[in-house]
Structure formats: C-alpha cells, structure tokens
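Novice: Based on the provided sequences and hints, a complete structural model is requested.
Protein sequences appear in the order of chains A and B.
This note's numbering applies: residue 144 is where the first sequence begins, and numbers increase by one.
This note's numbering applies: residue 164 is where the second sequence begins, and numbers increase by one.
The hints are simulated quantities; they were obtained by calculation from the structure and are not laboratory data.
Only a predicted model underlies this, so the values are computations on that prediction, with no experimental measurement involved.
Label pairs and their in silico Cβ distance ranges: (1) B:574 to A:160: 48 to 54 Å; (2) B:304 to A:241: 43 to 49 Å; (3) A:172 to B:291: 32 to 38 Å.
Partial list, computed: chain A residues near chain B (C-beta under 7 Å): (4) 148; (5) 158; (6) 176; (7) 181; (8) 194; (9) 199; (10) 206; (11) 211; (12) 238; (13) 263.
Quick reminder that beta carbons are idealized off the backbone N, C-alpha and C, glycines included.
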Amino acid sequence: MTEHQPWRRILFLSLFVSFFFYSASVYTSGTALTGVPNASESAYRGQALYRENNCTACHQIYGLGGYMGPDLTNIVIDMEKGPEYAAMFIEEGTDRMPNFDLNSEQVADLVAYLEYAGAAGAYNPQKGRMTWYGTVEYERD
Amino acid sequence: MEQSNTNAINIDRRSGLNFIILGLMALGACVLMGVLGAFKYIYPDSLGGLEFHKLRPVHVSLAVAWIFLAAIGGIYHYLPNYKNLMITWPRAIKLHFWIFVITGIAILTAFSMGIFGGREYWAYPPALSAPIFATWILFGFNILFTLKKEKNPWPVYYWMWMTGIIFFLITFSEAHLYLIPFFSENIIRETTIQWKSYGALVGSWNMLVYGTGMFVMERISGNKELAHSTSAFLLYTLSFIALMVGWAHHVYAVDSATWIRMLAYTVSMAELAMLAKIIWDWRTSLTPEQKHAHLQSYRFIFAADIWVFLNLILAILISIPAFNLFSHGTHITVAHAMGTTIGINTMILMGSVFLITEEVAGLNFKGWAKSCANYGHWITNISLIVFLGSLMVAGSMEAFTEWEDFYEKSDAVLPLLTLFAFSGIGLLVGLWMVVVSAIRLLTLDTTNQAEPLKAAAE
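Specialist: Now the structure itself:
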C-alpha cells in the first residue's frame, strides 16, 4: 500500500475539469431564454423584493421554495386569477400570510416579477407525453 | 489499532470537540425550530409573533450548520489524534471557530430583525457570506497542507474531505452568481443555477459526511484496506458525478435544455447503492468484539444503512421523469430532503460523534448518559419512520389527485401533516436525548483524557 497511485489524481483532475465545462454549458446555452425577453426593470425590482421579504420560505417558483402557500410561477398568467388577484393577496395578506405593508409601487413590481416568471415557462407542465421508458416529452422539446 | 500519539498533537485536544459540541447545540435548536415551524404551518394563529417565514430559515440554517460543524469538528479531531498528522496552523482552528460563532450570531440576529437574503439555503443577507467563505479558505488550506504531510497514498476519506471542501467553495460562489445581472435577469438561468448550486452543496457535504463515515468504519473495524478499496473509490467517483449532475432531477419542469434533464435521469442513484453496499459489507465483516467496543457508534452507522436503502428507493422513484412530473413540489420532495438529511447524514455524523465520545469518555461512558444515548437513538429512528411516512402519504395525495385549488389540497392533507408535526415532537425528544448525552460526555474534564483514549483504542 506504499506505492503511489497517480490514477487517483488523474480521476480527480478529469472530473474537476469536466465540472467546469459542464457548468459553462449550463450557464450559457443550457439556460438561454427562447422567445422571452429578460426581466424588465420593474420585474427586476420585484425579484429583489421577493428575496428581501423571504417569500421563498412559503412559496415556490418552479418548485423551489416552501410549502406554506401556493406555487407562484404561473399565478399571474393564470386566466382565472391574474394580476389583480395576486396584488390583492400581496396588499392584504391572509390568515397564513403576513401583510408586508408594501406600497402600491412595490406591489406592482412584485406582480411584474410574477408575470415575468409565468411568461418564461409553465409549472407544473403536467400535460407532457410520457414515454414507455419513463421520460416525459413536452411541447417545448 | 492506531493509537493517539500525544507528542504529535500540537493543538488543544478540544479544538475539534468544540466544533462538534457547537454542532450538537445547532442540531438541538434546529429540531426545536422545525417543530415550532410545523405547528405554525398547521395552526397559523398559534405561537404569537413567531412567523413562519422567520422560523423556516432559522431551522434550515441550523441544519446546515450542524452538518458542517460535525464534519469539520471530526476532521480537526481525527487528523492529530488518530492519524498523527500535526495541524499546519493550529491557531487558525480557533480563528475558524470564533468567526463561525460570530457570523452565526449575526445571521440569527438578522433573521430575528426580518433582514433576509431570501435564498433557499442561504437566507441571510449576502454580505454575511464573506466571513463564511473566508473560514472555508482557512479550513481548506489548513487541511490541505496538513494532509500533504501524509507519506502514504491517501485513503478515500482524505480525497472525499478535500473534494468536499473545494466544492463547497465552488458551489458557495455559484450560489451567489445571482448578484450578477447576467444570471438574475434570466429567470430560467437563475432558477436552474440555484438548483444546481444547492445540489452541488448537498454533494459537497455528502463528500464530507461519507468521508467521515469511511473513517469511522475503518476505525471500528481496524481494516485499513477498506478506505483503499476499489469499492470505496467507486463510491467517491459516483459521489463526484452526482455532485456535478445529480441536482437536475429538481429541474425537469424548468424550461432548461433537454440534455440537462436527461443526464440527471441517466445518472441513477448508484452513489447511494454503493454506499449501502460498503456499509453492509463492513457490518458483516465485524466481529462481536469490534461491534461492542464502539456499540453506540455502530448503532448509528447501522441505522444510516437502513435509511440509505429506504431513501434509495424514493430517490430512484423521483428521478424517473414521469413520476417526478407529479411528485416534484409536493411533500414527497420534503420527505426526500429530510430523509437524507436526518436518516443518512445525521446518523453517519452521530456515528462519528459517538466514536469520539466513546473514546474520549472511555470508562465514563456508562450510566444515564449511555442509556440516554441508546433510548434517544431508538426514539429518533421510530419517530422518523412516522415522520417520513406521513410526508410520503401527504405528498402522494397531493401528486396523484386532481385538486380544485391549493386550499382544497392543503385542507385534505392537513391530518397527515398534523401527524407529521406530532412525530416531530418524537424526533425532538429522541435527538435531544442523544445531544444531551453526547455534550455531557464530551464536556467531561479531559485533563487526563489520554488514558481513556488509549484504553478504548487498545
């Protein structure tokens, strides 16, 4: 057990380098938006407000976040709900959600952020077509 | 079996133990916050001014703190005490510890004041990431230069520890890319990278935890070949690949490129299968005397093995895109996260804590503290079965039933989540018994502790 085994270093270095190439692909082509503009200034401010009030503790966007409240990815673009519905909850709060005392401009920014989130994709897209080997094909593919 | 060589120890023997004791306190507080959070979830009007959006980040941050503190404390303790490797910069350990404590207090203060960074794992204001990053640089260089003194080929746990440290630094940086507009102004990129960084974060702590588990198994069995075996390095390789791509089963529904999702599907949960095999083989190779010499530590590693098998089944299921389509974002995902965090990581780390506790306390490992640890272990594991079972059933109802809206769904699963909250009290009691026992024994007067350490090792 005293001989040195260079293959262990080679293994580490090859996986390490692969990680950087993989990450670069994810950062660029893997996550490029198609047909949707980047966030507007209002949506960008709304995103910051979403973080500052720790909305993620209770709500999910694309399945990321807490379970106290509903997933918000498509709440604003939902035909049965829409921006007014979202704004009402943000302004008033509920028995499960505190009123964060946001002013009307901040409420509009948050709604703009949720509108942008919804425009970027559908969550949860349960209308995918399942294959016999367990994968799902979506229309976007 | 290797003995500690007091001449080779150039640090206060308690340096590693201080991290472990702080980690145990973090675990105790974490479970308490979790139970309070669960009751706030079920009865929103209860607990007065304690708000869920403040309780949850405290709970999550303390869970992360427990895992890292227990793993870091183990490494600081094992290298000088059992591997005869002098820590290169002994004073850096104290600096590391106090930066961690002060930053931890600052984070808890920020949460209590309602100041957040609003991220899933790193919910504190991002400025507080700077001292955390600095401590990991300090820790990384200290351990790297310490390990460079090793003349023999590195056992797998050295590779795992160093990889865990390096990838913590990478993934921690990656988790802050949202501060750059290129990443945050594209929500698909922002969400995908957030999942990616958290997946790699879990991968990095798995490296630290699995490395610790391999060390504990080597120590109990006295079989040094175990950490040099092909199986051990296969586990390392699989864990490394899982660290890179395993996160992607969380983003099947995000509109990222197809190859990202398919690669995650292709990389199965072979990592967990290999870990289960290694622990199983190790268990069957032990003599009754070896088991008895470190009985409490052995019990926790054995429990981890059972939980590995159970979590493996769940992990494979949720990695199948057709199943994931329904299960993701339900309480099945919570069961997956908590099952691995408590069932696998906490059990392995408790195996490490009690390996040290049994050797530090030596003949003092008896009486109420020993019974407390034993009963606590059983209460924790039995409660965990009910805890995860209720989450699984609630998640399955959410996933496979058509609901009018979120509120109808929430009302339907409320009885199951009530059961989940009450089983959380069982977890609280069990883990507190284990924590109290370990802290009591680790804080014994250790001025003459070299003797019990030697006695246990022999």
